[in-house]
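Full structure from sequences and hints, please.
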Amino acid sequence: MEVLKQRILRDGRYLGNGILKVDNFINHQVDPEMMDACGVEFARLFADVGATRILTAEISGIAPAVMTGKYLKLPVVYARKSKPVTMPDTVYLTVAPSHTKGRMVELIVSPEYLSRGERVLIIDDFLASGATILGLIRLAQAAGSEVVGVGTLIEKAFEGGRESLAHLHIPVHSLALITRMDETGIYLAD
Numbered sequence: 001m002e003v004l005k006q007r008i009l010r011d012g013r014y015l016g017n018g019i020l021k022v023d024n025f026i027n028h029q030v031d032p033e034m035m036d037a038c039g040v041e042f043a044r045l046f047a048d049v050g051a052t053r054i055l056t057a058e059i060s061g062i063a064p065a066v067m068t069g070k071y072l073k074l075p076v077v078y079a080r081k082s083k084p085v086t087m088p089d090t091v092y093l094t095v096a097p098s099h100t101k102g103r104m105v106e107l108i109v110s111p112e113y114l115s116r117g118e119r120v121l122i123i124d125d126f127l128a129s130g131a132t133i134l135g136l137i138r139l140a141q142a143a144g145s146e147v148v149g150v151g152t153l154i155e156k157a158f159e160g161g162r163e164s165l166a167h168l169h170i171p172v173h174s175l176a177l178i179t180r181m182d183e184t185g186i187y188l189a190d
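At position 96 of the sequence shown (counting the first as 1) the number is 96 in this note's numbering, and the numbers step up by one without a gap.
Honestly, the hints are just simulated from the structure, not real lab data.
For clarity, every value in this text was computed on a predicted model and none was experimentally measured.
We put the CB at the ideal spot given by N, CA and C, even for glycine.
Heads up, some of the hints might be wrong.
[As the list claims (entries may be wrong)] Pair by pair, the computed Cβ-Cβ distance ranges are:
hint, residue 1, residue 2, range
1, LYS70, GLY144, 22 to 28 Å
2, ASP190, ASN27, 39 to 45 Å
3, GLU183, LYS73, 41 to 47 Å
Now the structure itself:
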């Protein structure tokens, strides 16, 4: 998706250790027009998977997931990273490493919003090692749901995340594919 690629090249910053800073349009400050365009593209890419619900991780996945939900007319559930008092005692919970936090984080979903028989489309900001996406898949499976696709804004191809999802035999689409990042720049696939 050209608008996202150009924005990454213009405003993204490589911070070292495989970290891409996209805070001014995805992670801290959100560009609503760009997220809307991403939602349109994800809706086009996943129109035929038969999803009944979208699942993402708090917080950076919420904007693209909501925009995708808008165009697919689906509810969006996001895995919380801490359990609020309003959530029931029994929850679906897994842990996944956070690249930017440098530690393991919890991913928690209430059974009220993810149930048996759902067809889940996962939308998130990054596909890197695949650990967060695999955590979301574990949550969906614990609920008795079937994951029918994965969409991410940005994929860091050199971290192997796509390969970690290959055994699922589901469509995986990324709107921007980074082939390499280093002190000389950010390199995207065509």
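Non-conforming hints, listed in increasing numerical order: 2
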